[in-house]
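**Student:** The listed protein sequences derive, respectively, from chains R and B. Under this note's numbering, the residue at position 54 of the first sequence is numbered 54, and the numbers go up by one with no gaps. Under this note's numbering, the residue at position 88 of the second sequence is numbered 88, and the numbers go up by one with no gaps.
Note that these hints are calculated values from the structure, not bench results. Some hints here could point you the wrong way.
As the list claims (entries may be wrong) - Quick list of in silico lysine-lysine cross-link-like pairs, DSS-like style, CA-CA up to 25 Å: (1) Lys117(R) with Lys84(B); (2) Lys79(B) with Lys43(R); (3) Lys79(B) with Lys162(R); (4) Lys43(R) with Lys331(B); (5) Lys45(R) with Lys219(B); (6) Lys560(B) with Lys219(B); (7) Lys6(B) with Lys117(R); (8) Lys560(B) with Lys45(R); (9) Lys117(R) with Lys219(B); (10) Lys79(R) with Lys560(B); (11) Lys96(R) with Lys331(B).
As the structure is a prediction and not an experimental result, all values here were calculated from the model.
Now for the letters of each chain:
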Amino acid sequence: MIVLTPLRQFQFPVMAECINLDVFQGKSVAEIAALEVWEGNRKKKLGDLFKIKQDPAETPNITLNGDNSEVRRVGMGMKNGEVVVNGNVGMHLGEKMSGGKITVQGDAAGWAGAGMKGGLIEIMGNAGDYLASPYRGSSVGMSNGKIIVHGDVGSDVAVFMKGGVIKVHGNAGPFLGFRMHGGTVHIEKNIGNRAGACMTGGKIVVSGFLEEMMPTFTIDSVKASVKIDEDEKAAGPFYVFLGDLAETGNGKLYVSKVANPHLSQYERFL
Amino acid sequence: MELLIKNGFVYDPINGINGEKMDIAIKNRKIVESVHEQRAKKIDASGLTVFPGGVDIHCHIAGAEVNTGRLMRPEDHIKDVVRKTAITRSGVGYSVPSTFTTGYRYSRMGYTTIMNPSMPPLEAKHTHEELNDTPMLDKASYPLLGDWWFVLEYLQKGDLTECARYVAWMMGTAKGYAIKIVNPGGLESWGFGRNVHSIDDQVPNFDITPREIMCGLAKVNKMLNLPHTIHLHTNNLGLPGNYVTTLDTMRALESVATDDKPVAHITHLQFSSFAGDDWATMRSGAEEIAKYINAHRHMTFDMGQVIFTDTTTMTADGPFEYTLYQLSGHKWVNSDVETETSGGIIPFHYKRNNAVNATQWSIALELALLVDDPWKMFMTTDHPNGGPFTSYPKIIAWLISKKARMATLKKCHKKARRNSLLPSIKRELSLYDLAIVTRAGQAKALGLKNKGHLGVGADADVAIYNVNPEKIDIARKYKTARRAFSDAAYTIKDGKVAVKDGEILQHVDGRTIWLDVQTAEQVKVDEEMKRRFKEYWTVEYENYPVTDHYLKVSDPRTIKADV
């Protein structure tokens, strides 16, 4: 196990895509310390910024201690291994990762799991905006894997998502599942407006309150429960809405019946 | 500054030199007979191939369209970020690179002159500002004149002389180099949400057809003695079955050809050579088109090769971009440039396992190989429409090696593979032919007398590649050739060593070439003209022309017109 601890408080973003088991594997501590990172517009060595220590324990493979909230791209593109962050972490955590596991004990900033292709990200605190969403302009969203967030998430979650599962135990911001076309998102608490805008497929499950239903969604039925993952179900009852009718209308938006009495007016269309 | 390139294998098709071992002497930006042996800086080119600097007849690298393409594709840039060095500036790629990166990347491949097609005259200032920031290259732009109301009005009246005077005025005003015609009549129709579907369709609100626009402007081009011919993007571009329209277009232009000189250049011919009735039955029309081209001498062409990659399509052909949007559902931009032209941009991913895309890939190569005369058919990707210009080494490999073509064809969609003519084509281009399709032929078609060759008096633009024609058989070792053509051993621009081993050594400002066409009677900017400006454009006349101070290094070519 490699343990990384920042040597000081970072004032500028640190681009550290090398913090990744695929890169670390087979390297000695000295070789790892010589890996290249950018701090702001300066090229630095990983050893200049972090104290690097080899720990005899095997798992997890990489541990980050201290304040890493300015450290970006941790585990970017990783294929296997386990990374644990004891504290907060910066943007682009596990971006485009295809395997392995990342656990964050604190909060993660924006674009965590962006364009993820596999593996597991578990965030004990909150996640920022654009969780699992692709970089601005890109239309390649999360395609597989699982993200679990125990706190709240920001806006624009699961944009262009086409597969995989996102489970949020807290609240979510607006524009969740924008242009989504596959996969499942489950929000256990309340959610911002415009959920599922332009969605053409996939499932959004809201167990909490959704103030305003988009006018381009139409009610389909009421269901007692919804399957979230292999061995997980969300207990309802749920109103099932189909949308976005401005597009193909093949997406499904499940909204809790109990938490949303104001949506009962839709029942007359059933 | 004197420079001597010693002992290279020189390929200079314009002067008929085919791989001779000889020296090239350079003095003060020009190629000369000889230089002082001791004083001159020497480049040892023994075992290397010496070509004239590359010339690209058609690549969208600057202007409003390109810049909108840059704006709408952040995801394209993030995967290709270029950091600054002590000599070069930072930038981004990939399919619509920033201006400086464009210059550096072309130069690294040994290119020294490029033509930026499709410049709406209204956007000319912006285009020239971007071209000023594109280093290492000499460049010129073609103003879009095919659907300009002034042209339509005079052609409709049959007043060719008056039309010619206004075109001459526009060349100087927009600082352009050739007449560009895109989907003649179609762009004007697009202003009303319509398109033309054959060369004899009526253009709405004008009593004119695409045939009359093309032939009229081809005649105007001749009257003005412009160095290049009209530069034509055909009607029905990118639609199945359009090879018939292309054949009609070529036949229509026969009437204009009175001597041996070409009268038109059809650009990105691949996009105009589809057979079949719809997308499901779409197949190659290359055989029919090539048969016609081989029997006629009045036109030149370029390929418009498709590369299997994620790229950005951009053209003044607004209705075609709308068709692409309907096919892909991707984000898109569309615009109508007042009384001049239209435009559209949409990202596009060409895929091997897509029957249509793979057929397109095959069509371009079939055209390039079935047309016997390399002086008629040049190598382009219509950057970035078919793929970024950085893919040129790949196309070179496909052209020089059947093995390379078959290796790619093997991975293509089975329908495209079954219908492709490529397995039956044995032709492999030699280095001499390659020098024609990548520089000499393009320079000749453009009428650039001091480009594309290494004779005395030519501009000192030279590209040296790490290919030893005595040692390697490029058809078999196509991967070595591909590497050699991606990173030139040397690129010499204006007598300065700009690139060595694929690294930029120094920043060289290129020139902007434009035509100063002198007609017997100039267009008068009188009250009547200003009134029409007020009526037709949203800008005042005073803000319209590109004045001389807009060009960083201005290189006007004075042309004496017959009118």
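**Student:** Enumerate the violated hints, using their earlier numbering and listing them in ascending order.
**Tutor:** Of the numbered hints, 1, 4, 5, 7, 8, 9, 10 do not hold.
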